[in-house]
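Novice: For reference, the chains in residue letters:
There are 2 protein chains.
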Amino acid sequence: MSNTPRPKVVIIGGGFGGMAAAKKLRRVDVDVTLVDRRNFHLFQPLLYQVATGALSPANIAAPLRWIFRKQQNCDVVLGEVAGFDLDQKRVRLTDQELPYDILIVAAGSGTSYFGHDDWPALAPGLKTVEDATETRRRIFSAFEAAEREDDPDRRRAWLTFVLVGAGPTGVELAGALCEIARHSLKHDFRRINPAEARVLLIEAGPRVLPAFPEDLSAKAEQSLRRLGVTVRTGVMVTGIDEQGVDVRSGDQDERIEAHTVLWSAGVRAAPLADRLASAAGLEQDRGGRLAVEPDLTLPGRPEVLVIGDMASFKHDGPKPLPGVAPVAIEQGRHAAAQVKRFLRGEPLAPFKYRDPGSIATIGRAAAVAEVGRLRFSGFFAWLMWLFIHVMKITGFRNRLLVLMQWGWSYFTYDRSARLITGEDATDGQ
Amino acid sequence: MSNTPRPKVVIIGGGFGGMAAAKKLRRVDVDVTLVDRRNFHLFQPLLYQVATGALSPANIAAPLRWIFRKQQNCDVVLGEVAGFDLDQKRVRLTDQELPYDILIVAAGSGTSYFGHDDWPALAPGLKTVEDATETRRRIFSAFEAAEREDDPDRRRAWLTFVLVGAGPTGVELAGALCEIARHSLKHDFRRINPAEARVLLIEAGPRVLPAFPEDLSAKAEQSLRRLGVTVRTGVMVTGIDEQGVDVRSGDQDERIEAHTVLWSAGVRAAPLADRLASAAGLEQDRGGRLAVEPDLTLPGRPEVLVIGDMASFKHDGPKPLPGVAPVAIEQGRHAAAQVKRFLRGEPLAPFKYRDPGSIATIGRAAAVAEVGRLRFSGFFAWLMWLFIHVMKITGFRNRLLVLMQWGWSYFTYDRSARLITGEDATDGQ
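Chains A and B, in that order, give the protein sequences.
The opening position of the first sequence corresponds to residue 1 in the UniProt record's numbering, with each subsequent residue numbered one higher.
The opening position of the second sequence corresponds to residue 1 in the UniProt record's numbering, with each subsequent residue numbered one higher.
The set of hints was computed from the structure by calculation and includes no laboratory data.
Cross-link-like lysine-lysine pairs, in silico, DSS-like; alpha carbons within 27 Å at most:
hint : chain 1 : residue 1 : chain 2 : residue 2
1    : A       : Lys70     : A       : Lys8
2    : A       : Lys392    : A       : Lys23
3    : B       : Lys186    : A       : Lys392
4    : A       : Lys186    : B       : Lys24
5    : A       : Lys89     : A       : Lys340
6    : B       : Lys70     : A       : Lys186
7    : A       : Lys392    : A       : Lys70
8    : B       : Lys186    : A       : Lys23
9    : A       : Lys24     : B       : Lys186
10   : A       : Lys70     : A       : Lys340
11   : B       : Lys314    : B       : Lys24
12   : B       : Lys70     : B       : Lys340
13   : B       : Lys392    : B       : Lys24
14   : A       : Lys70     : B       : Lys186
15   : A       : Lys24     : A       : Lys89
16   : B       : Lys23     : B       : Lys340
17   : B       : Lys392    : A       : Lys186
18   : A       : Lys314    : A       : Lys340
19   : A       : Lys8      : B       : Lys186
20   : A       : Lys186    : B       : Lys8
21   : A       : Lys70     : A       : Lys24
22   : A       : Lys186    : B       : Lys23
23   : A       : Lys89     : A       : Lys8
Work out the full structure: start from the sequences and follow the hints.
Specialist: Next up, the structure:
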């Protein structure tokens with residue numbers, strides 16, 4: 001085999017799925033090219049801790065080149081995919097073309113605003129490092145603006161935080177925001193009392209953490225209320241502007257004055273999914289995802305695998321697997337195994353997902369978790385959450401730094417990574 | 001005194017000088033208002049470590065409110081100064097007015113490009129967190145662009161780093177850049193050899209570290225050359241564009257092709273100095289600084305003190321004190337002492353500066369230091385540098401985090417805070 005060129009595997013996306021696939025190909029006799037727009041892998045589940053000033057972006061990111069520095073068969077390319085030529089088996093980047101024998105597409109997902117093009121600027125999502133530092137800027141600028149404001153109504157609007165969407169991210173943000181208002185900023189202001197801040201968690205569905213079992217949702221809601229979060233389920237956001245949000249509950253319209261609105265109500269497959277769909281002549285589902293075969297390949301393209309948040313994989317039943325890290329990682333590993341089968345000329349194997357369970361944290365020292373039939377909540381679930389997240393962070397240095405900062409914050413409520421940075425840092429908004 | 005309103009001290013700027021003054025007024029019976037555009041104090045001497053991916057911005061910053069949370073007589077105001085009404089004793093912010101009995105102006109300095117208005121965009125300085133993340137983006141994007149470039153000349157231009165100005169910042173950046181090229185990125189690329197990067201340190205004066213004694217300058221230059229830095233003294237930059245720099249040495253013109261140019265050749269007092277000068281009807285020196293009386297007050301305004309980088313203070317001889325942290329800190333403390341004298345109706349005392357010495361580091365484990373008549377270089381000086389800087393960082397948490405990350409980097413050369421972030425993160429430039 002040494003004289004024939006080695007098969008080329010191109011992986012698009014260095015998130016959980018793409019990284020897992022590339023790592024798993026370490027000892028396989030192929031040339032792996034990992035393409036990403038960013039030079040780092042990001043541990044997205046902890047972005048909310050950057051957004052709330054507990055961690056720095058670099059603590060939850062690891063340079064992709066560093067991750068693969070010793071994997072000689074893996075070449076990292078920093079680049080943007082412009083399109084696909086599936087018949088010629090080529091990926092077009094903006095400045096080069098990459099031929100492949102096998103293509104693994106794992107470009108993840110972004111925030112969806114359901115067609116409201118003006119909402120992203122009004123209510124940032126939480127998918128990128130820039131989202132997190134922008135959210136951080138808004139949160140801490142709001143307290144500053146409230147301190148400068150004499151009018152009680154306007155002050156109240158600055159101290160009102162509306163979180164749209166009560167999935168894990170919304171719940172985690174809500175808990176952290178209450179902790180900031182009640183503890184971290186306790187002694188910091190002279191005119192306002194930060195503890196008067198209102199944190200509203202708005203969810204269109206009937207309960208928080210809709211992906212969790214009902215009893216855990218109830219527990220989470222209880223914990224949130226205990227922290228001081230105002231939980232509003234069955235409430236739809238119908239409008240957002242710079243002064244607040246319009247919501248509807250049943251046939252009741254309501255206006256909430258709030259300068260800080262954060263969005264975690266919808267995700268959509270990365271725009272690359274649209275290009276891949278049109279190149280392959282395939283349909284996408286409502287979330288922009290591509291339906292994949294049981295073996296993770298695209299219909300009619302056995303050499304193209306789609307994994308993670310971009311793939312709509314129906315396991316048993318009509319609901320596709322959720323867009324979470326464990327699914328992406330397992331699919332990434334499976335994709336790597338498929339590469340081996342493909343090269344040996346063996347038939348590909350269907351992907352089987354063994355759900356490791358779900359876990360979400362609610363403020364300090366509380367969490368809810370579901371592992372198989374077991375359900376946990378409270379402090380023990382929180383310890384589980386802590387352990388899982390620390391172990392999964394890439395790089396020993398980051399694990400140590402995160403653990404140290406968490407330990408420190410736990411006892412001091414200190415959130416000293418709360419820098420207001422960016423262009424108009426003194427703007428108030 | 002309890003029924004009369006307490007005297008108001010307004011301090012502009014939460015850098016080394018302003019922070020020192022405010023802290024020193026802790027037990028004085030005055031109302032202190034500390035105004036800053038940013039919500040944090042920044043430990044500027046370590047900005048180059050953020051720019052080179054060794055530390056995160058939050059590691060060298062501390063929220064001003066947090067610093068003063070327990071100092072009840074100190075109110076922190078996040079705001080931008082729009083002007084001064086010195087006769088009415090008022091500072092105008094963009095959204096409010098602050099009356100004062102005593103005003104301490106300590107707004108620091110920014111980067112000076114000597115009138116070249118297009119240079120800031122081409123060659124960022126290193127004064128703010130945004131400068132540092134932008135520099136970091138450029139440095140690591142350049143290696144990425146080189147990896148994608150096939151043309152050897154263009155590749156060479158991507159791997160050429162021109163640092164303009166051989167003061168402590170330029171010297172520190174040069175050392176760190178060589179370490180990155182030779183060690184941190186050693187295994188990261190497949191096409192380029194990062195060690196081929198050229199680091200040019202350009203200085204218009206006759207030697208590096210012009211503020212140090214000649215023998216230490218020579219030692220520093222030796223260390224820099226050993227690290228692989230190309231030191232060019234007596235060389236003036238005459239032009240900068242996106243492809244490189246034009247320089248002149250004697251009457252020899254030369255062109256250096258380089259995509260990354262970093263500027264630390266000039267500082268200028270913050271623009272606020274201009275407003276203060278025009279309000280007070282005073283002249284500024286070439287660096288925009290205001291000449292202050294021996295007691296740090298503005299001529300004719302005994303209730304207005306100017307300290308730190310904005311002040312031109314002539315000690316003995318014609319040269320004003322340099323714009324370094326120790327001067328600002330000592331002047332801040334002296335300003336606080338003046339406040340006490342002012343309130344007691346005592347005459348103000350002249351400021352006396354006891355130079356604690358200078359220290360600059362050159363890459364890992366080397367530094368030069370001057371303490372009184374003693375001069376150190378090499379490893380011992382570096383340990384001194386390390387100790388001083390760690391001790392001076394605000395906040396125990398940050399001290400611990402910085403020390404840990406330094407320890408880690410020292411043994412592993414790891415620079416995993418090397419995130420390419422910001423708007424056009426995939427742009428190459």
